[in-house]
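Number of protein chains: 2
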Amino acid sequence: MSSYHPLSEAEAIEIARSIREVFPTGEELVSREIGDGNLNLVFHIAQPATGRSLIVKQALPYAKVVGESWPLSLDRARIESEALIKQGELAPGLAPRVYKADHELALTVMEDLSDHVIMRRGLIEGGHYPKFAGHISEFLARTLFFTSDLGMNQQDKKRLVQSYINPDLCKITEDLIFDHPYYDAETNNIEDSIRDAAEAIWRDEALLFEVAHLREKFLTRAQALLHGDLHTGSIFVTPESTKVIDPEFAYFGPMGFDVGAVIGNLLLNFAGQEHWSADDVSRRDRRSELLATIRDVWTLFEGKFRRLWDEHGVDRVARAAGYQDDYMLRLLRDTIGFAGAKTVRRVYGLAHVADLDTIPDAAARERAQRLALAIGTGLIRRNRQAESIEDVILIAEGAL
Amino acid sequence: MSSYHPLSEAEAIEIARSIREVFPTGEELVSREIGDGNLNLVFHIAQPATGRSLIVKQALPYAKVVGESWPLSLDRARIESEALIKQGELAPGLAPRVYKADHELALTVMEDLSDHVIMRRGLIEGGHYPKFAGHISEFLARTLFFTSDLGMNQQDKKRLVQSYINPDLCKITEDLIFDHPYYDAETNNIEDSIRDAAEAIWRDEALLFEVAHLREKFLTRAQALLHGDLHTGSIFVTPESTKVIDPEFAYFGPMGFDVGAVIGNLLLNFAGQEHWSADDVSRRDRRSELLATIRDVWTLFEGKFRRLWDEHGVDRVARAAGYQDDYMLRLLRDTIGFAGAKTVRRVYGLAHVADLDTIPDAAARERAQRLALAIGTGLIRRNRQAESIEDVILIAEGAL
Chain A
1 MSSYHPLSEA EAIEIARSIR EVFPTGEELV SREIGDGNLN LVFHIAQPAT GRSLIVKQAL
61 PYAKVVGESW PLSLDRARIE SEALIKQGEL APGLAPRVYK ADHELALTVM EDLSDHVIMR
121 RGLIEGGHYP KFAGHISEFL ARTLFFTSDL GMNQQDKKRL VQSYINPDLC KITEDLIFDH
181 PYYDAETNNI EDSIRDAAEA IWRDEALLFE VAHLREKFLT RAQALLHGDL HTGSIFVTPE
241 STKVIDPEFA YFGPMGFDVG AVIGNLLLNF AGQEHWSADD VSRRDRRSEL LATIRDVWTL
301 FEGKFRRLWD EHGVDRVARA AGYQDDYMLR LLRDTIGFAG AKTVRRVYGL AHVADLDTIP
361 DAAARERAQR LALAIGTGLI RRNRQAESIE DVILIAEGAL
Chain B
1 MSSYHPLSEA EAIEIARSIR EVFPTGEELV SREIGDGNLN LVFHIAQPAT GRSLIVKQAL
61 PYAKVVGESW PLSLDRARIE SEALIKQGEL APGLAPRVYK ADHELALTVM EDLSDHVIMR
121 RGLIEGGHYP KFAGHISEFL ARTLFFTSDL GMNQQDKKRL VQSYINPDLC KITEDLIFDH
181 PYYDAETNNI EDSIRDAAEA IWRDEALLFE VAHLREKFLT RAQALLHGDL HTGSIFVTPE
241 STKVIDPEFA YFGPMGFDVG AVIGNLLLNF AGQEHWSADD VSRRDRRSEL LATIRDVWTL
301 FEGKFRRLWD EHGVDRVARA AGYQDDYMLR LLRDTIGFAG AKTVRRVYGL AHVADLDTIP
361 DAAARERAQR LALAIGTGLI RRNRQAESIE DVILIAEGAL
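As they're listed, the protein sequences go chains A and B.
Its first residue numbered 1, the first sequence is counted upward by one per residue in UniProt numbering.
Its first residue numbered 1, the second sequence is counted upward by one per residue in UniProt numbering.
In short, the hints are calculated from the structure, not lab data.
Errors might be hidden in some of the hints.
Same chains, same names: a pair is fine if it fits in one copy or spans any two.
[To be verified] DSSO-like, lysine-lysine: derived pairs with alpha carbons at most 30 Å apart:
hint	residue 1	residue 2
1	K304	K131
2	K158	K86
3	K100	K171
4	K100	K158
5	K131	K64
6	K131	K171
7	K64	K217
Extracted from the complex, chain A is given alone in its bound form (with noise of 0.2 Å):
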């Protein structure tokens, strides 16, 4: 029998006044409910008194996407908590603190981030995150490399595996990145004007033998406790900061997808450039900055990850010479095919990024949509082929 019901903000107070490491005086909470009902309540515990906050987080058992609603498990929250401990414990500073996770409601009561802005609004805005490249390669390298064989017990890592089983949120993914981008399906989100992109995907062959490839992946790799929704709407940044939030889509699948992610979200921002007039210097400025960034966070990444495997690589048999290069490169080029995955379903698929959707003239909408497009399947259809981070820039430069 379980306790769980959704919280009403006098329990997710009661609950809050609990932790005693962010509340220790008796000072008034108060609460507001921040979450946008589709997924989660999200609740934003303050105390005036001292600016003292938290956040309590509660998983709702349904999801709500432009009106449908469908069942969505409760397990998802413990998978959240249990990943976001994992990742602070890994990459310490680079997630929220977690105070405390109760399964049975389905809730973390976690750091509060307010101080921060999420990523994507970030970058639309014209934000500047000089550290965020440091920060991502960071994060990706220390906990991709210390939940896989190389970095891990190997046992220990199969009990893992088996702890973030996660079908409901798996099969979100395997539908809506990898299913249904591909034909007409009716979850896709086609604005008129490119229609006759999205239907010339629907007739690549050799597209659709890359993406099957892809799905492929996604469905039987277990190479590493991802994220599994690394997009820059789960990355809250300052200057200065970066917290990667909302592990609920967490399992073990290939390392590049979660890479790949935050690749090709930065592609869709270097997209949605299109708003500035073509003959505005920022429009340049602002994807140069975009690409260097990229190349910054593949490169960055592959230098910590090769570093962890020297000093801490637990596989006798991996230190085969030529295995790490060999390794390096696949992994490149799986990153290389996911972000470009990640890319060309949030142009028409069911959940659109406002990168894109937020240019307010539709014509320069239309160029951002197609140079999207454009980019996402030029790195899909390279993906095996790629020899360096290079290509992805080639890529992206050569859509304009």
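With the hints as your guide, set chain B onto chain A.
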């Protein structure tokens, strides 16, 4: 508090008596313990008055190999009984019937196959099994296809992955197949006469690179529910019948590991034919027959797997043009690599095979061992470039 304890013969008889479908009448039952005592107790329970019988197999909480003893999870008995039941459902008639399983007592009550012979023994004694390739290809195609993302609901598959997490038994494979044979490990059991050949393998960088790839696949590729130990000692045969037993190593891994196990063990018998004098026509005849069987196993398997895919495929995306051909080629390559790894470890790793070890003449035995190593390393070196099963035949013939 577990009720587990090793059964007495009296207790085994009592359990057997409860299986009314085998023993509907009350005549006396007699028990004979026929296990090797290293991993399991195996009671053969017969009713002399009716000629009926069954097997009670109980896991022991340790493994004994060459005098060493180490603890081993009893959960393997649950995995074994569940795998037997599932394989029996998916490949009717090709696995022993399970009458009862008791996870607390770590026991499985199953069909008595005393009218069959262990295939390794049968091959060594010159038996012919003309239906074997048809049967084992059916077993492989159906058990692998219908537990993969191609043939079953992809969310249910994830839950099945979860219930077959099998760290202890996978560890044995990871050590004894994919690690210890590739350096001077204490567990290796190397005849002095071929020590130079083992040492050459330890220095062979190209080979070690391929082994690292195969090990990675074993560790990370959750493709389908494998038997996990499908050598000819896990197969009971008669000229008319094939029954696959002992799936205690079952877990979700790369399909080629099971197919390769069958082929590798046929190749070990091929190498073992050195026991004939060089001018005996039987040597050549047996080898031709074995190579024909290997060709049939792959060819029939591939045909059946493709037919299942065409008729029962659940994944829309996997219908992309060219994908099935590419998938089958990769599966062949994995099969060849794993067949090679399975062959090498049986020559000088911890656990040898009678196909080689029972050759009384030392010179013939040495020739057989060197032949097995030449074939095994040839397959490993070739695996990722192989184009057809004929590559295996050519490597085997070329090694003579």
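Hint by hint, here is what the structure shows:
1. K304 x K131: within (15 Å within a copy, 55 Å between copies)
2. K158 x K86: Cα proximity of K158 and K86: in one copy and across copies (16 Å, 22 Å).
3. K100 x K171: within (28 Å within a copy, 35 Å between copies)
4. K100 x K158: This pair counts as both: shortest intra-copy Cα distance 26 Å, inter-copy 28 Å.
5. K131 x K64: Result: close neither inside a copy nor across copies, 35 Å intra and 55 Å inter.
6. K131 x K171: Result: close neither inside a copy nor across copies, 34 Å intra and 41 Å inter.
7. K64 x K217: Classified as within; 28 Å inside a copy, 38 Å across copies.
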